[in-house]
Structure formats: structure tokens, C-alpha cells
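K.L.:
If you want the building blocks of each chain, they are given just below.
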Amino acid sequence: MPSVRILIPTPLRQYAGNRDAVEVNAETVREALAGLVSRYDQLRRHLYAEDGRLRNFVNVYVNEDDIRYLEKDTTSLKAGDIVSIIPSIAGGSFSLMDRLAAKRKDMISPAEIKRYSRHLILPEVGMAGQLKLKQSSALIIGAGGLGVPLAQYLSAAGVGRLGIVDFDVIDETNLQRQVLYGTKDVGRKKSEVAKERIAQINPNVDVQTYETRLTSENALDILKDFDVIVDGTDNFPTRYLVNDASVLLQKPNVYGSIFRFEGQASVFDARKGPCYRCLYAEPPPPGLVPSCAEGGVLGVLPGIIGSIQAIETIKLLLGKGDTLIGRLLVFDALRMKFRELKLRKNPDCPICGANPTIKELIDYEEFCGLRGPAEEVGEEFQLSVDSLKGKIDQGQAVVLLDVREPMEWEIAHLDRAVLMPVAQVPARVNELNTADEIVVYCKTGVRSGRITNFLRDLGFRKVKNLVGGIDEWAEKVEPEMPRY
Amino acid sequence: MIEIPTTVIRSIEKHALETFPEECCGFLLGHVGEPRRVMEAREAKNVAKEDRSRRYVVDPLELLHADEEARAKGLELVGIYHSHPNHPAEPSDFDRSRAAGWYSYLILSVRDREPREFTAWRFDDSSGRFHSEEIVGRRNQP
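Residue numbers (the numbering used here), protein chains in the order written: chain A, 1 to 484; chain B, 1 to 142.
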């Protein structure tokens, strides 16, 4: 059996005959320690708890490796190995009072009184209101343009528990408006960075992150644990999903949306007023309303709308003030006007009306028309960027149809292409010739895919979709081309 | 009772100010006995993964090396020091959950970058409580 040396830490030497090291013969760590305590029985109660396991602050290393990362106490030993017993040293300054107070949801600690003093002197908040905030929770869906100011202001205000749903990573294009994130954070997960920043703003807030896409399978489970749901999402299927789940769970849904220079905000609470479906019974046809990536957005705008959502959330949690239930706030940043539209509950609303037909969550992608077979372009109608380059180099006559928006065209476009934005194609289709070989492109190939199918259906036989769009062209064929 | 030279106390204060607002931690080397006598301090790195303004964790390997160094000098590891930024120099709930009766625990309170009270504690395994240990200063090293 190999002979190994066990190093005894200072405080235990008195129980090991004042020795700082003991030689034993053992095959495994367990045997070595057993050998040690059989020789020096007094060590046993210092090393082992009553259940026979090593006490939780006793670390054992074999040479320089912690046995927890090897095979724990079955780690095998060889001759000359050094087994070190090292106590775990840790501590902190969270005093009993502070810790209890912070964890206890029925009181505000002295430190919290100082932090929230500007709230406490407001008659509408006071100690009672601040305590209510501490005892409540809000779920922020989406940690992007709208989610960022929500995360900042709700945590600063002392909402006791926040949930963040986002599976995305920070991209450089986000930094123009998502001011919680910095240059160094590019590439990191939004939910992780948001959680870190919230801890810096207010360590008293519990943050639960959900790094997942919200789906019909998980939405009810996730939403049920929160008092208020705040919708900071950027796509229609999720908006309908969040709405339906909120209605089914009878929770208020604080809505905000942005597009270019305009924003909207409202509070949907089916118990007291309309829901999202009462306002927008059907989603728009896919592709009609561009995303921020396609349509663009003034960076500050989600900061304003998200802050409005934050204030509505706080009012809901406090039970104070008039919220936007039954009202749609419309903000035009260019003209600097706020308008208000009255929203009525639709008595025939399929989910919150008198006779609801929707009693459970549905397939929202299908609802928004994103699962239709029309979305897929057949293989024989796809063209790769390399093939297109080949055709152009060989002097083949090809009509390049750019279906993006004029601002995108200004940034970069393919040589000798023709611009015909998506929405204009049906009206201008007569400008195209069915005899021509037409290659349709957009930024990534999604919009152009739809147009390719559209033209095919009209009888254009020689139309193809450029796979990957101008993005892929810039990456593979023309690297000097500006990308956006 | 524990004897600590004022030079050691000054070096602990310096370390605490360097890491402020995070907690600092380190080792005290000296001789056990009654009173315990501290001869020197050795800085350690606070490897707590989160919240180092309220938590400290000593890397066990660093503890091992400190122990070896002490031995090489004919000294022993008699205690651990750490700072409490903007908090009194009293052991917390958390300190209590991780303490063992082996070492002296020294805590330095630092308020807004000013070193304040400096206290020493021994943990009683059987009662699960800290007992205050009297600190006696020494001007010179013996």
C-alpha cells in the first residue's frame, strides 16, 4: 500500500501528538483519513460530523487538488502523495439584524430606510407603501430596449422580487439604446448582466432569471409566481402569449411598444378592463410591421416607454393613482405629443369576453402566420451568394431586386440592383418582366423569401431568393461592404 | 487574550483600505499559548464569488501555503483577520456559521475609508457563540 503524508493544520496538531504531519499507508483518501483518526482518536470529532461525513468546512487536498473535484474520498493515492487537511475560512459582515431585516418581508431595515427615504416622505408611498413594494414581485419579459429601464427603475424602487425572461446575448447593435449594458458586455447573456447590474443598484432585490424562450409550455408556470407581468418583448407571438397567459392567470399586464419615433403604453387587466386582444384582435400579416432591426428605432424612445411601464408597475403594486387600464397612451417623439385613446373591453373577446373560447394557451407562431408553408422557399428557388457572384462574373443577365427599405439601401446595396420595398411589391409588380431571371434579396433572406414565393405564385418562373441576403454577401463576397 | 504589535495592526488597516469597499482577509502568524502572540500578518485574497463587500472567502490552497510558510519560519497560523466595510466589528450570523474554535478571528471595522474599531474573537464550538478576546498591543517586536 502506498505511503502518504497527511499534513495537519496548526489548530489540530494538539490532537495529533503535536505533529504537523503524519505518515500513513493507504490506497484512498478515505483510508488515509481513517488511518489518521484511528491513530489519533481526538481528531475524529474535529474532522467528522455526527453522520460520519467530513465537516463542511474541512477541505481535503491531494497535492494541489481539492478532492471534491477528483473522486472525493475514494480518490486513489500513490506513494509520496501529500494529503492536506485545510479548514475552509469564510465569513462576512451581514449582521444578524441586517440579515434578518433584509430577509424578513414584514419590516424595513434602518439601511433600507435611508435608501428609500425619498419614497418614504411621499404621502402616496410612506413606510407602508415601501413595505408593499418589498413584499411584491414583477416579471420583466425581455431584457432589451424596454426591459432595461424597467430593470433599473423597478430594482431602484425596491420591488422585492424581479424576474427577467431573456435568452439572448448582448450584441453591439443593442448598445445604442440598452443602456444597462456596456461595450465590455458584448457577447454576454443579457439576463446574467442584468442580474449583476441590478445587484449593484440594489442588493436587496431578489432576481430570478429565466434564460429561455417563453412558450405555451412554460408561460403559465413562469408567470404564476409574480404579481405583475411587464411586457417588454419585441415580437407578436410573444405579446399574444403573454396577454393570454396574464388573462388566464388574472394578472395585470403592463404593455409597452415602440416603433421608430412612436411608442405606446397601456395596462391590460382583464378583471377591470380590456386585454391586448380587445385592442388588436388579430396580429398583422407577417412582415408588415418591421422589427427594430428592420424598421429602426430612436434609442431614447424605449427608455421613455419602458420608464412609463415602470411607473405604471409601481402604481399597480402600491395600489395608488390612476393607471392606464382602459387607456392607450400614444407618444410621438418627433412631434413631441402625447395622445390618449380610450380602450374598451370587447364583450366578444375570445379570451376575456363574456363567453371566452380560448381557455388555454395556443400555438402563437401559427396564430401570427409564421408557421405557414408559404414561409419556406423551395430548394430550387434558392440561390447562394457564391452562385450569384458566379453568374455576375460570367456576365449573365440578372435582375437584382432589393426589397428592403430606402434607408437600408442608402447604407449599402448590390451593384445595379433595383429597389422595391416589400410593401410596394404588389403594386409595382408590373415593373418586372416574367422573362427575366430575377434574384430577390433583402438583409438576411426572410423578406426576400416571402417576395420570392409571392412572385412565383404570380407566375414568375425564373425568380430566386438570395440565401442569407446582403448580410451573407457582405460576409462572403464583398467584405468592404458596410454591415448593419 | 491576544497580543498584536501595532505595526501589524497598521498593516491590516492598510490592507483594509486598499480593498475597500470590499472585505479584505488575511492570516496572523505567531505562537499559540496564553496569551496568543501575533508576530506578523500575511495578506490573503478574498475569493468570494459574489458580494465581496459583505463576504470573504479564503482560498484553501493559500491557507495551506501560509501554513507552510509559517512552519518554515518556526511560527504557527494563529488567526484570521478580515474587515467589515461600513459595518461594526462584530461577528455576523454568517461568520458564526463558518467559524471553528481553532483560530482567533480579528475584525477591523472601516467606515467610509476610516479604520475604526478592531476586535478579536474566539469561537466556542460547544455553545456555537463567539467570545470576545482582549487585544493587547505591543510597541516593539520581541
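Treat the hints with caution; some may be incorrect.
Sample of chain A residues with no beta-carbon within 10 Å of chain B, all distances over it, derived [as the list claims (entries may be wrong)]:
hint	residue
1	D51
2	L54
3	Y61
Each pair of labels, with its calculated beta carbon distance range [as the list claims (entries may be wrong)]:
hint	chain 1	residue 1	chain 2	residue 2	range
4	A	S76	B	V136	29 to 37 Å
5	B	R111	A	A199	18 to 26 Å
6	A	E124	B	E114	17 to 25 Å
7	A	A34	B	R71	31 to 39 Å
8	A	D221	B	P35	53 to 61 Å
9	B	E18	A	Q250	39 to 47 Å
Honestly, the hints are just simulated from the structure, not real lab data. Even for Gly, the Cβ is constructed at its ideal location relative to N, Cα and C.
K.L.:
So, for every hint listed, does it hold in this structure?
P.N.:
Hint by hint, here is what the structure shows:
no.: 1; hint: D51; in the structure: 17 Å, holds
no.: 2; hint: L54; in the structure: 13 Å, holds
no.: 3; hint: Y61; in the structure: 7 Å, violated
no.: 4; hint: A:S76 / B:V136: 29 to 37 Å; in the structure: 49 Å, violated
no.: 5; hint: B:R111 / A:A199: 18 to 26 Å; in the structure: 22 Å, holds
no.: 6; hint: A:E124 / B:E114: 17 to 25 Å; in the structure: 38 Å, violated
no.: 7; hint: A:A34 / B:R71: 31 to 39 Å; in the structure: 25 Å, violated
no.: 8; hint: A:D221 / B:P35: 53 to 61 Å; in the structure: 60 Å, holds
no.: 9; hint: B:E18 / A:Q250: 39 to 47 Å; in the structure: 54 Å, violated
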